[in-house]
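**Q** So the chains spell out like this:
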Amino acid sequence: MAKGIRKRSTKAGLPPGTLVHVGEKRAEAVRITLIDYDEERFQEKEVTTVEECFPFKATPTVTWINIDGLHQVDIIEKLGKRFELHPLILEDVLHTEQRPKYEDFDKYIFIVLRMLGYNEQIQVVESEQVSLILGTNFVISFQERIGDVFDHIRERLRNAKGRIRKMGPDYLCYTLMDAIVDNYFAVLERFGERIESMEEELVTNPTEKTLQQIHTLKREMLFLRKSVWPLREVISVLQRSESSLITESTGIYLRDVYDHTIQVIDTVESYRDMVSGMLDIYLSSISNKMNAVMKVLTIIATIFIPLTFVAGIYGMNFENMPELKWRWGYGAVWLVMIVVAAIMMVFFRKKKWL
Amino acid sequence: MAKGIRKRSTKAGLPPGTLVHVGEKRAEAVRITLIDYDEERFQEKEVTTVEECFPFKATPTVTWINIDGLHQVDIIEKLGKRFELHPLILEDVLHTEQRPKYEDFDKYIFIVLRMLGYNEQIQVVESEQVSLILGTNFVISFQERIGDVFDHIRERLRNAKGRIRKMGPDYLCYTLMDAIVDNYFAVLERFGERIESMEEELVTNPTEKTLQQIHTLKREMLFLRKSVWPLREVISVLQRSESSLITESTGIYLRDVYDHTIQVIDTVESYRDMVSGMLDIYLSSISNKMNAVMKVLTIIATIFIPLTFVAGIYGMNFENMPELKWRWGYGAVWLVMIVVAAIMMVFFRKKKWL
Amino acid sequence: MAKGIRKRSTKAGLPPGTLVHVGEKRAEAVRITLIDYDEERFQEKEVTTVEECFPFKATPTVTWINIDGLHQVDIIEKLGKRFELHPLILEDVLHTEQRPKYEDFDKYIFIVLRMLGYNEQIQVVESEQVSLILGTNFVISFQERIGDVFDHIRERLRNAKGRIRKMGPDYLCYTLMDAIVDNYFAVLERFGERIESMEEELVTNPTEKTLQQIHTLKREMLFLRKSVWPLREVISVLQRSESSLITESTGIYLRDVYDHTIQVIDTVESYRDMVSGMLDIYLSSISNKMNAVMKVLTIIATIFIPLTFVAGIYGMNFENMPELKWRWGYGAVWLVMIVVAAIMMVFFRKKKWL
Amino acid sequence: MAKGIRKRSTKAGLPPGTLVHVGEKRAEAVRITLIDYDEERFQEKEVTTVEECFPFKATPTVTWINIDGLHQVDIIEKLGKRFELHPLILEDVLHTEQRPKYEDFDKYIFIVLRMLGYNEQIQVVESEQVSLILGTNFVISFQERIGDVFDHIRERLRNAKGRIRKMGPDYLCYTLMDAIVDNYFAVLERFGERIESMEEELVTNPTEKTLQQIHTLKREMLFLRKSVWPLREVISVLQRSESSLITESTGIYLRDVYDHTIQVIDTVESYRDMVSGMLDIYLSSISNKMNAVMKVLTIIATIFIPLTFVAGIYGMNFENMPELKWRWGYGAVWLVMIVVAAIMMVFFRKKKWL
Amino acid sequence: MAKGIRKRSTKAGLPPGTLVHVGEKRAEAVRITLIDYDEERFQEKEVTTVEECFPFKATPTVTWINIDGLHQVDIIEKLGKRFELHPLILEDVLHTEQRPKYEDFDKYIFIVLRMLGYNEQIQVVESEQVSLILGTNFVISFQERIGDVFDHIRERLRNAKGRIRKMGPDYLCYTLMDAIVDNYFAVLERFGERIESMEEELVTNPTEKTLQQIHTLKREMLFLRKSVWPLREVISVLQRSESSLITESTGIYLRDVYDHTIQVIDTVESYRDMVSGMLDIYLSSISNKMNAVMKVLTIIATIFIPLTFVAGIYGMNFENMPELKWRWGYGAVWLVMIVVAAIMMVFFRKKKWL
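Residue numbers (our numbering), protein chains in the order written: chain A, 1305 to 1658; chain B, 1305 to 1658; chain C, 1305 to 1658; chain D, 1305 to 1658; chain E, 1305 to 1658.
Hints should not be assumed to be uniformly reliable.
Put simply, identical chains are the same to the list, so a pair is met inside one copy or across any two.
[Unchecked claim] Pairs of lysine-lysine, DSSO-like flavour, derived with a Cα cap of 27 Å:
| hint | residue 1 | residue 2 |
| --- | --- | --- |
| 1 | 1465 | 1382 |
| 2 | 1405 | 1530 |
| 3 | 1593 | 1654 |
| 4 | 1655 | 1593 |
| 5 | 1530 | 1361 |
| 6 | 1470 | 1411 |
| 7 | 1349 | 1654 |
| 8 | 1656 | 1593 |
| 9 | 1349 | 1530 |
| 10 | 1361 | 1349 |
| 11 | 1361 | 1465 |
| 12 | 1629 | 1656 |
| 13 | 1593 | 1513 |
| 14 | 1513 | 1470 |
| 15 | 1513 | 1465 |
Everything labelled a hint here was simulated from the structure, so no lab data went into it.
Okay, chain A solo, but in the shape it has when bound:
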């Protein structure tokens, strides 16, 4: 989180609309993929210069330009100029710590989403900003790095599976959003598993490390929440939007994505509640443990301190201590001690400490 802020603050003072990439710098080249289709035709190619995409702006077919990597600012700039995008949009595309948002510029719609992924190696949620621009006959998507959750969509486009090839760019835009939201479920599944295993650990063997883990989980939850709550608003506004770019039939599908988002939010909130509950259990488990320690101490001390006192009595060196000379004195003392100890035991058992 602090990282995002840091990046942001380095940009302070520059005029608005200045294109500076504030995300992680990368060495690899930017990959530009172009997919152009209508119901009959389909064309897919990886282009080397962004200019190759420009002719498609004029064609009536649906064009999907996908940019993987944002560190070559001039590419974004050229694209922005050709597709007449507002400078602030390009700035938002490059500034990769945006919260999800939706903006309607009559001629196109601008959407920022966060694509999540669960890094299994370091057990951490990773997040990438995906910016979508929906125009009359094109969709441009910007991603921070190669690798996404859109492969199923590309496959469907190639095979003309489902209704996707028959529909316009708004439907494409919807499928991209749907894929991103659907992927949230996969991430939540991993969280669910972690929560379950942590709950087991909590019951069987809570340690100080457990607390640390609960805390980490809580923070990740916070992060997840920050990604999904604005998403809900974005999709809600999009769905109710009166933009001519979104056809009525796609509106129904957006309602579906909205439902999924709500479900994601519900789950995140439930998980948060569970994690909070875990903290309560942890704390009362510490108390219970301390209680157990105290009981052991008390039992031992309470039994032996009086006995030691008795032994101390007959260790005194008074000249005139008649008991010391009694024949069964020693035995009697043992008897007294055993009786005292037994009474204590009964007392503890009654108190349910044993």
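Dock chains B, C, D and E against the given chain A, drawing on the hints supplied.
**A** Relative to chain A, chains B, C, D and E alone:
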């Protein structure tokens, strides 16, 4: 909960509207029951193929098609085609981890509810998704498995009891929803009993298991809440809907269901508050117990440690210890000890530790 | 609370509008009182059959029919038929665990309220459902049992005191609601006293029973809250209602009742905050007590354990222990012990433990 | 708080609009002050009978009638009759435990506020109800007792300082409200000082009394909050009111009062947060203290218990204990003891207990 | 905080619109800077008397008058008279403890913001009120002291960098607001670092000082929050404003500032959550520590108390104690002791206390 998410995530990547049953797979056959009635006539039959239901679409009588079991996707698909249902609806019917929702497609209304049941064996709330489709002259209901809370309604239909046979499909739809909501009270009653018995246990004999049970109860409450809160919205929207499918007279009945839903929510919230209060009591009961343990230890130690010290004094082997030779030395020491112990006792009694 | 739910669940499965009394069954007869008045005339009588009330429906005078006891369902039914009440209303009247609500059926208005009473014997708030039906020239009130807070109103009606005899049924309805809300203040006063006395107890002598009492208070508060929050909404809607049954001049009075309701809610919320604060005090008082116990133990142990050690040293039986033979050995040991004890004392005093 | 409720409940059962003073009874006479002014003229007098004020109702000049003391109900009644005030308003004026409110009766506006004062003697916030009635050419203010925050305003009126003499009664009404709200800052300043001094005490020397004080502060905060939150609403509604009694130029000034109210609320909320934080600090300070006590006990016990054991060994009376006869036996035992104690010390220092 | 209130309360009683500077008094002179520009021309000068600015009101070029220092009330007053500002605005400018606000006076717009700075020396956030007045061809900015975050903007104006010189005063006003909001990120970055370092400290070595620091952080967070929440509202209202002073193209930029503000709020809220989490960790770390202390005490006491008892037994002086005369008596006792200690050890290891 994690289960629902898991199911959901397996579907990620498929084109929207793909019909895949994401609930539990079952071996038994799907049961299709058809009830067709108007004020005079009544017909009830279990059909083997879904096609037998199709002719009823054209008749003016009210037709209720009930599907128990969702694992035969082709049945759903055929039904959907014949009744012109949107693919997303069929998808929602099959994906049985939906949150309650309401959607208005001019020609029909789609409602998803959760039917709850309390499994007495394992003392757990069970939940099943019920999807209702209300058309001009039909109601289609989808359930995950055989067994529901609608038997009273079937009985009333058969016997023409109440006003149900005189009314349209919207009234039937209302009675189904009413039956589901009414059943929530039964489930809440079981919860109420568990809470009461747990509160008693909490006062008489709280153990670590009690905490575990409170936690479980809290989670089930969370689950219940997730089912009823959206329900409220669903019924509220339905009631205020301007759909021509819902007559004004049924609107009044929906207002009644709405009131019941509010009452369910109120009760769930009260129970939540009570369960939270139980945690507070549990925690302070642990503290109180530790306090009691400490007091026992302190009383024993505080009485005997000084006495042992006194005994220790006269166990010293100095050659020149005049007290040791006194005639009543030993008796005097006993007297001192008894006085010290008595003072301690008085002190503890004043502090109300005894 | 659980009781209300239990009652409710026994009704599940019956057709809506079925009249079954789900409250406590009673042996005594239902009492029907009829008051009929206008500015000049006044008539009050206890009738034995409900049919005696029917002629008054046609007269232009204001008629107040009060039913005490709901267990004779046929009375309610006849009344409902004659006054053309919707079956769901009669159902709501009989089902005495309703939350306060308001419903506008063009020809009459239906209001459900909870009348509270403080049972001094068992120190518990008791609650009774009062249902009001306001028509063009009548008010019908249903109560669960004989005994209410309306005696002042009857008196005023008899004596033509205040403006009540000059006004219509809406004003009568308002005075009934006002009497119920005013009575809440009396109940809250009792609560205020209990809170005050409990706060004193908390400071002077908190015991485990105190916690139990705080918990009970919290639950009663919860119950009270459930009664008053919906009341606020009811009166708010009623006041803003555009029903022709409510004249403008009565609207101003309703605004007054609304203010009182808000004041009741404010007080309930303040009390809740106070009760929560009491829990905090209770918990920190337990901690403080444990601290005090620990200090006593520590002081005693810390003083005597080293002294006992010293005594133990000179209780050893080594042949070669020169101190034992010193003349002032014994005295010196005593001196050492006293000095050690004094240092400890100074240390504890510095730490403010003594 | 309970007091307000108690007063309120004594009134239950009386017809609405009955004028009964439910505040504190007082012996001193009611003081009526009349100020009449326009841009040129200014007249101020203390009148003995309320009738002397009546002629001013007809004059075009602005008239401010201030009533100090509400226990002579007939004065209020006469005034109400002459100025045609609704009976419920008079009732609200007399019932001095109102929450701030605003009511618009076409011909006049009725405002209830709470004037706060900090009683330095008993360190408590005192509250007084101020009711304002704004008519076309008059303002009537009712106060519970002599003494208010309006002296500056009277001075300004006398000296024709500021724009007050040039403006209408709405501006006068605004200045009265502004004076009341401005005074809240003085009260908050005293709170701020108490919080600061209590925070210092909390760090340097927290005692059980501190907790009591935190609790008291919390309750006073609650009380303050109850006064200012509704105030915000009152001024907000007043500002947006379309009453012809409030000129547009005064509207801008009301916006200013509104800002101040928001600032008061902000401060109250911040103080509440601080007081909550103090409770956390108090509780963890108790824990820290107990920890310190425990450490002392543990250090002493852990060092001396093993040493005492060693001494006990050589206090045994076995005939055959070779060490007892060794020449350096006694010295060796001392050595062992010192080494054991030293190891313990190192251990504690490593644990940072010393 | 208390400071702001104190200042405010000193002003109570003065007529509204009285110009009194309620901020810190300063010795240095007020600095007035004037920048006047359009697309071609640019003029920047520091003026000594405010009258020098007046001619620019009539020119069509954009004029930015910046006042550093508010203690010379007459300057503000003259400026206000010339630019026809409402007296309440001047009052708000001088009263430097305002919360952010926006007011629209047809002919100009008045905006109050808080400019934050992080004082590295004393590790504290410092805040300064910036008041902006946007007219048809001018922007006036008031600051409490010399030094601000606007240098980048001045630079851009001088160099005609970006679109700033081509745009009107609304764009200038936007850039000023943008600079202030951008600077919040820098402040938040410092907070983020402090939180991170504190979290490390919390894990490695929490002391009582840590609690104090968490508390301080929490209070600063509270303060930050009070600055940014109203800011959001200000910008939101500004953005949706229909004032003719704000052109549509600037509206898009305001949307951008709004997004940044939301991001700032999000971060502040996340930080608050983190700081709350730190308190939980701190408290459970205290508990854990106490637990560790208790374990050490219990282990030592539980091992040695029984052994000391055994030693005490054979220190008794009974004449008839056969064990004392056994040859291997002493050795046997040692054996018993070692076995007892070993059993204890195994017990503790099983309990995971060692």
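**Q** Taking the hints in turn, state whether each one holds.
**A** These are the hints, each one checked on the structure:
no. : hint          : in the structure
1   : 1465 <-> 1382 : between (33 Å within a copy, 20 Å between copies)
2   : 1405 <-> 1530 : both (12 Å within a copy, 25 Å between copies)
3   : 1593 <-> 1654 : both (20 Å within a copy, 14 Å between copies)
4   : 1655 <-> 1593 : both (17 Å within a copy, 10 Å between copies)
5   : 1530 <-> 1361 : neither (35 Å within a copy, 46 Å between copies)
6   : 1470 <-> 1411 : both (22 Å within a copy, 24 Å between copies)
7   : 1349 <-> 1654 : neither (81 Å within a copy, 66 Å between copies)
8   : 1656 <-> 1593 : both (16 Å within a copy, 11 Å between copies)
9   : 1349 <-> 1530 : neither (36 Å within a copy, 46 Å between copies)
10  : 1361 <-> 1349 : within (16 Å within a copy, 49 Å between copies)
11  : 1361 <-> 1465 : within (25 Å within a copy, 31 Å between copies)
12  : 1629 <-> 1656 : neither (41 Å within a copy, 42 Å between copies)
13  : 1593 <-> 1513 : both (16 Å within a copy, 14 Å between copies)
14  : 1513 <-> 1470 : neither (54 Å within a copy, 59 Å between copies)
15  : 1513 <-> 1465 : neither (49 Å within a copy, 54 Å between copies)
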